[in-house]
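Undergrad: The primary structure of each chain is shown beneath.
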Amino acid sequence: MTDRTWTPRTRTEIAARVAEDIPEGWYVNLGIGVPTLVADRVPEGREVIFHAENGILGIGPAPEPGALDRWLINAGKQHVTLLPGGAYFHHADSFSMIRGRHIDLCVLGAYEVSRDGDLANWARSETDTAPAVGGAMDLAIGARQVWVAMEHVTRDGRPRLVERCGYPLTSPACVRRIYTDLAVIDVTSRGFELRDMVEGMTFEALQARTGAPLLLPQPA
Amino acid sequence: MTDRTWTPRTRTEIAARVAEDIPEGWYVNLGIGVPTLVADRVPEGREVIFHAENGILGIGPAPEPGALDRWLINAGKQHVTLLPGGAYFHHADSFSMIRGRHIDLCVLGAYEVSRDGDLANWARSETDTAPAVGGAMDLAIGARQVWVAMEHVTRDGRPRLVERCGYPLTSPACVRRIYTDLAVIDVTSRGFELRDMVEGMTFEALQARTGAPLLLPQPA
Amino acid sequence: MINKFVPTIAAALEGVPQAATLLLGGFGAVGQANLLIEGLLETDLRDLTVVANNAGYGGVGLARLLKEGRVRKLICSYPRIAGSTVFEDLYRAGRIELELTPQGTLAERMRAAGAGIPAFYTPTGAGTQLARGKEVCDFGGRPHVLETALHGDVALVESWEADRWGNLTYRKAGRNFNPVCAAAARLTIVQTQHRRELGEIDPEVIVTPGIFVDRIVHVPYGDPQD
Amino acid sequence: MINKFVPTIAAALEGVPQAATLLLGGFGAVGQANLLIEGLLETDLRDLTVVANNAGYGGVGLARLLKEGRVRKLICSYPRIAGSTVFEDLYRAGRIELELTPQGTLAERMRAAGAGIPAFYTPTGAGTQLARGKEVCDFGGRPHVLETALHGDVALVESWEADRWGNLTYRKAGRNFNPVCAAAARLTIVQTQHRRELGEIDPEVIVTPGIFVDRIVHVPYGDPQD
Chain Y
-17 MTDRTWTPRT RTEIAARVAE DIPEGWYVNL GIGVPTLVAD RVPEGREVIF
33 HAENGILGIG PAPEPGALDR WLINAGKQHV TLLPGGAYFH HADSFSMIRG
83 RHIDLCVLGA YEVSRDGDLA NWARSETDTA PAVGGAMDLA IGARQVWVAM
133 EHVTRDGRPR LVERCGYPLT SPACVRRIYT DLAVIDVTSR GFELRDMVEG
183 MTFEALQART GAPLLLPQPA
Chain L
-17 MTDRTWTPRT RTEIAARVAE DIPEGWYVNL GIGVPTLVAD RVPEGREVIF
33 HAENGILGIG PAPEPGALDR WLINAGKQHV TLLPGGAYFH HADSFSMIRG
83 RHIDLCVLGA YEVSRDGDLA NWARSETDTA PAVGGAMDLA IGARQVWVAM
133 EHVTRDGRPR LVERCGYPLT SPACVRRIYT DLAVIDVTSR GFELRDMVEG
183 MTFEALQART GAPLLLPQPA
Chain F
51 MINKFVPTIA AALEGVPQAA TLLLGGFGAV GQANLLIEGL LETDLRDLTV
101 VANNAGYGGV GLARLLKEGR VRKLICSYPR IAGSTVFEDL YRAGRIELEL
151 TPQGTLAERM RAAGAGIPAF YTPTGAGTQL ARGKEVCDFG GRPHVLETAL
201 HGDVALVESW EADRWGNLTY RKAGRNFNPV CAAAARLTIV QTQHRRELGE
251 IDPEVIVTPG IFVDRIVHVP YGDPQD
Chain E
51 MINKFVPTIA AALEGVPQAA TLLLGGFGAV GQANLLIEGL LETDLRDLTV
101 VANNAGYGGV GLARLLKEGR VRKLICSYPR IAGSTVFEDL YRAGRIELEL
151 TPQGTLAERM RAAGAGIPAF YTPTGAGTQL ARGKEVCDFG GRPHVLETAL
201 HGDVALVESW EADRWGNLTY RKAGRNFNPV CAAAARLTIV QTQHRRELGE
251 IDPEVIVTPG IFVDRIVHVP YGDPQD
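Quick mapping for you: the protein sequence lines, in order, are chains Y, L, F and E.
Okay, so the first sequence: first residue is -17 according to our numbering, each after it adds one.
Okay, so the second sequence: first residue is -17 according to our numbering, each after it adds one.
Okay, so the third sequence: first residue is 51 according to our numbering, each after it adds one.
Okay, so the fourth sequence: first residue is 51 according to our numbering, each after it adds one.
Think of the hints as simulated: they come from the structure by calculation, not from any bench.
The model shown is predicted, which means the values in this text are computed figures rather than measured ones.
Keep in mind that the hints are not guaranteed to be accurate.
Stated by the list, open to error - DMTMM-like mimics (lysine to aspartate or glutamate), calculated; alpha carbons at most 25 Å apart, straight line:
1) K59/Y / E138/E
2) K117/F / E64/F
3) K117/E / E138/E
4) K59/L / E138/F
5) K59/L / E64/F
6) K123/E / E92/E
7) K59/L / D97/F
8) K59/L / E211/F
9) K59/Y / E211/E
10) K184/F / E211/F
11) K59/L / E211/E
12) K59/Y / D139/E
13) K59/Y / D86/Y
Required output: the full structure, derived from the provided sequences and hints.
TA: So this is what it looks like as structure tokens:
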């Protein structure tokens, strides 16, 4: 891989690339990992309202050291702050917002995404010791759009964009767009449609790292 | 009827007789008509918490003339007051309290009650012009106990306690006790069981005014 | 900057579709978005389906909408209007359709719509004529009726306070169906008595978070009249 | 005079039955009724079924209950404990049963129990292994899973404020599952940080009305620790 002509995006750069695409006024839920980094990358002056499963709308930046409020955590159990205009509510109301399609966007991490938009992000096998799902399935079916932020391939080089998921599904046919360290790819009725790539990346090199056919966008 | 040996209870007296039987601490919903009169007849010093379908717990006495709050009405659209300890909530939460069996007692008016406890209190015929049900069916199935407060017979002398209701049902098998101008009657698995009668009333005279067999209470 | 306030009733109602399903908050005279409802009379909207607990109150709001023949169907628990027979007259003349729903089922069907629950079982109405034609299933030995979510194209809501993100509070019995309607419609439009700066409403006290609200018009309306 | 306050944790827990189903509020370290949960260790209660989002937090509360072998079954969305493997150890050893439920379905199943809804359809989990063995039905062309109400014998709740009628408020993210659990159990027991006189809590601001509360113990517990 030393002769590659491109520089993969870092985790922070993936998050920034996602943030760039979020319009003002959207209600957004961020999963743990790379998605959490999106909050701090929203362009200055653009109001985006972040939701946490545990009953919060209007999450602000991480607290200043020493100004930590122990009563205020997000779904990843990190301490957070609340913006003016934020609100608290209980868990049933919080998941009404999710299941009831009030959340405009959820950004999630994933193990795999299939060309049909199937999402696998909660369990590594059907017989996981003590499997844990949290709110992943609710978010996958409920958010009006699901975007995935993940590495393009696994640590040992296998594609995460696949024909069919090998891991247990979180939800069938729910992912709309995928942001990786190498590219941004839409999931359409035709399959994986390339939106853009990092500088220096070629279509052929990207296809070689993708487990299902990559399509060029159809002219509008 | 001029030679009768008893004096029927007035509407206010029926309400007072009901109020006597409500234990401290019960959450109680009152229907319109005679049941509404129960609130003001609760013995001094006994705390009973009244609920209204439109999202209120802790309703107090009627407002003083001139101190009327136009934002505070009960389900019968009468102006009311709120006691210290009262609370407001929305309609879905209010009917969760009812349907979810959190209301200890609902006192309702009725056209008819059958010996199985079937309640008919919302429509006079199957083809009513513009029928209206309100919260009657929710209360009938939801309250932990349903008591009925009504006249023992109709204006033209027909019994309201019957073998089978002739009017459309509000709910089958829900009434536990009936307070009339003549008697207090439990609805048991055996049928109508006499609890007490107004002074001067005889079992025979009461039976003659009741459309199904009256039973004496079984010794405890 | 997010700003859900619009300057006029007309702007608030822009784009409400013909034959829309409208969810109306309010119970008795309290919490009725009467100025928004009457704003519909300035449009050419007809064939509306209206979801509301009553058939209006007094001679304002829904009562006027009914009188002017804009409503094709009413989904309602108690189709009466204090001091008016306009609904009964239309109903008897066969000029309006009625879907009678128990009050708690009406609230729960809208709550389900807002919560992404397409259908639920309820004991209310089982064994009565209102269960006719509906699927019935036993749970715990008692019959339950399958009821479906009731979505609105538009909700018209009255709030006490609102901020530019759409966070709302209500006043006393004015809460009633309003928060339930707000969450159950594609387009939620609010008339508010008071406008607050962002952050002025305590986050613990907000009843309807702004996520459920699309447009707000600040029209101090005064106390409910009856 | 109604007074739901009891003097001690032990009095608060009186009559909790053997093999009870317990609903526990709390999410992460926040809003956990740890003193009540740990009070169970002073009783001989065993074979408990515990409903909670996590398998506890840190070395307190539910984590201790698990460690002492009091729990037969956990109904849970995320059976992990930050900084502890006690649940995994029990699970691997076959000494505890797990019913894994998506977080929103867990909340909605308890909400349904409190609202008298025995069952509802949800899109969550359709087409996944968590739907196996469950009734699936299409609504609007999408498959939905039938889920049932989740009732508790007892709910253990942490509140910020409480009055003698049982009216409660919560603090920030401490609200979470607490109001949902409070409404879903036959016996709801509260540990509160602050005791208020009747009428001191604004009726617009009460989150859990006293109708859902049976007993309260005033044990100022301080901020959540993690």
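Undergrad: Now tell me if each hint is right for this structure.
TA: Tested hints:
no.: 1; hint: K59/Y / E138/E; in the structure: holds, 20 Å
no.: 2; hint: K117/F / E64/F; in the structure: holds, 22 Å
no.: 3; hint: K117/E / E138/E; in the structure: holds, 11 Å
no.: 4; hint: K59/L / E138/F; in the structure: holds, 20 Å
no.: 5; hint: K59/L / E64/F; in the structure: violated, 33 Å
no.: 6; hint: K123/E / E92/E; in the structure: holds, 20 Å
no.: 7; hint: K59/L / D97/F; in the structure: violated, 29 Å
no.: 8; hint: K59/L / E211/F; in the structure: holds, 24 Å
no.: 9; hint: K59/Y / E211/E; in the structure: holds, 24 Å
no.: 10; hint: K184/F / E211/F; in the structure: violated, 40 Å
no.: 11; hint: K59/L / E211/E; in the structure: violated, 32 Å
no.: 12; hint: K59/Y / D139/E; in the structure: holds, 23 Å
no.: 13; hint: K59/Y / D86/Y; in the structure: holds, 23 Å
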